[in-house]
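Peer 1: Those protein sequence lines, which keep their order, are chains F and Z. The numbering of the first sequence is our numbering, which starts it at 1 and goes up by one. The numbering of the second sequence is our numbering, which starts it at 192 and goes up by one.
Derived from the structure by calculation, the hints contain no laboratory data. Bear in mind that the values here come from a model prediction, so they are computed numbers and not experimental data. Hints may contain errors.
Said to hold, decoys possible - What follows is a list of derived Cβ distance ranges for each label pair:
1. F:G52 x Z:S234: 29 to 39 angstroms
2. Z:A266 x F:S42: 13 to 23 angstroms
3. Z:G361 x F:S78: 32 to 42 angstroms
4. F:A61 x Z:S315: 29 to 39 angstroms
5. F:G140 x Z:S315: 55 to 65 angstroms
6. F:T126 x Z:S234: 36 to 46 angstroms
7. Z:A306 x F:T159: 42 to 52 angstroms
Note that beta-carbon positions come from the ideal geometry of N, C-alpha and C, so glycine has one too.
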Amino acid sequence: MPLEVYLKITDKETGKVEYYDRSHSWNIGMLVVLFISYAQASPSNQYKDTGGTLRTYSTPADNSRWWGSAVAGSGVDSFGILVGTDSTTEDPEDDNLVQKCAQGTGTGQLQYGSCVVGNAVNASGTMSFSIARQISNNSGATITLREVGLYLGICVSTTQYYICCIRDVIGDTPVTTGSTKIAEYIITMVN
Amino acid sequence: MTKLSLKIQIIDPETGKVDHEQKCHSWTFTAIKMLCAMMQYASYSETITDTGGTARSNISCNTGFNGMWECKAAAGTITRGIVVGTGTNAEAATDYALQTPINHGTSAGQLSYGAVGFTEPYKSGSSCYAALYRSLQNSSGGNITVNEVAWYGYNGSYYFCIARDKLSVGVTINNGATKTVQYVVSVDN
Numbered sequence: 001m002p003l004e005v006y007l008k009i010t011d012k013e014t015g016k017v018e019y020y021d022r023s024h025s026w027n028i029g030m031l032v033v034l035f036i037s038y039a040q041a042s043p044s045n046q047y048k049d050t051g052g053t054l055r056t057y058s059t060p061a062d063n064s065r066w067w068g069s070a071v072a073g074s075g076v077d078s079f080g081i082l083v084g085t086d087s088t089t090e091d092p093e094d095d096n097l098v099q100k101c102a103q104g105t106g107t108g109q110l111q112y113g114s115c116v117v118g119n120a121v122n123a124s125g126t127m128s129f130s131i132a133r134q135i136s137n138n139s140g141a142t143i144t145l146r147e148v149g150l151y152l153g154i155c156v157s158t159t160q161y162y163i164c165c166i167r168d169v170i171g172d173t174p175v176t177t178g179s180t181k182i183a184e185y186i187i188t189m190v191n
Numbered sequence: 192m193t194k195l196s197l198k199i200q201i202i203d204p205e206t207g208k209v210d211h212e213q214k215c216h217s218w219t220f221t222a223i224k225m226l227c228a229m230m231q232y233a234s235y236s237e238t239i240t241d242t243g244g245t246a247r248s249n250i251s252c253n254t255g256f257n258g259m260w261e262c263k264a265a266a267g268t269i270t271r272g273i274v275v276g277t278g279t280n281a282e283a284a285t286d287y288a289l290q291t292p293i294n295h296g297t298s299a300g301q302l303s304y305g306a307v308g309f310t311e312p313y314k315s316g317s318s319c320y321a322a323l324y325r326s327l328q329n330s331s332g333g334n335i336t337v338n339e340v341a342w343y344g345y346n347g348s349y350y351f352c353i354a355r356d357k358l359s360v361g362v363t364i365n366n367g368a369t370k371t372v373q374y375v376v377s378v379d380n
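The shape of chain F in the complex, shown without the other chains (with noise of 0.2 angstroms):
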């Protein structure tokens, strides 16, 4: 019974789903953050967070400390579900997207809404939860998205770091200026 990951991305204004598919590839990111934290053990070998930059990770200094977090608040591009517009193939060692779009209203850069964590549905005996995400284009042109990303926020110490722990590349998927997107992440269990 393995946990699945399915992607789907809903125009917002119309409830039309646009791509919808297994997604493709967990990362080693998320055995590393799983890892620290069943193991309460720092690993001796270094993993790359968000910005390319090898690290060593270990756990937070105290409890009031963050630990996978997705929720990141409205406008904040560094953690929660983020979007780009690359077509690299993914690898399981992927450490992030390959071209982030950014927080803003300039060209090339989405609005990111607040990242949303629901809880977890039992229906007939499947378990599953989504965490969805609003993305909307205000940058004056067609914006087309390529690639999907779920970074989780880890804090190692006293340090917060970004860890990718899914990269999808899907096809291609125009957001229109003025438009808004759903993204949503669905981890279920499959029996």
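With chain F's structure known, arrange chain Z on it following the hints.
Peer 2: The following block gives chain Z in isolation, referenced to the frame of chain F:
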């Protein structure tokens, strides 16, 4: 397609031979609820049943300081880590504990549990792996057959069953013998 999968191996530490291997059938509902709570960065608003059968509310899974699915157990500690039992009930996603746990010790029906060890995440081909393992020594004076294996995690307050599997074939640990039980966590792309 990508999956976060789990596999059990039972290994003879002297020969390195894998005596038994099977894909796990059961991450529990508890596991996915705790994963959800971690990403929510909040205490989980619904109840989660601990290994003692008590429904716990406002479970915190959101700090790496306390851990989530934490299974770092010293030798002899069986409240967390890899634990085994003799129960033969089929696994279910709703399981919250082993059916019939084998206690730590050297008396009849008991096993001596070693400390839980870990293999760090690494990539091999298009998949990535990590592992946790534990030695089980039988000094009970009789043979013991292991029929079920579980991963008990700790969140800083309570113990939770992250996975439980009935072995497809019981594995007998002869008196005087030691076996290593290993969970391999993988992302398979």
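Peer 1: If a hint holds in the structure, say so; if it doesn't, say that too.
Peer 2: Okay, the hints, checked on the actual structure:
Our hint of 29 to 39 angstroms for F:G52 and Z:S234 holds, since their Cβ atoms are close to 34 angstroms apart. The beta-carbon spacing between Z:A266 and F:S42, approximately 21 angstroms, falls within the hinted interval of 13 to 23 angstroms. In this structure the supplied range 32 to 42 angstroms is violated for Z:G361 paired with F:S78, their Cβ-Cβ distance being about 50 angstroms. Restraint check, F:A61 to Z:S315: a C-beta distance of roughly 33 angstroms satisfies the suggested window 29 to 39 angstroms.
Distance hint check for F:G140 and Z:S315: the Cβ-Cβ separation is about 46 angstroms, which falls outside the suggested range of 55 to 65 angstroms. Our hint of 36 to 46 angstroms for F:T126 and Z:S234 is violated, since their Cβ atoms are close to 24 angstroms apart. Distance hint for Z:A306 and F:T159: a CB-CB separation of about 30 angstroms, inconsistent with the stated range 42 to 52 angstroms.
This entry does not satisfy hints 3, 5, 6, 7, going by the numbered hints stated previously.
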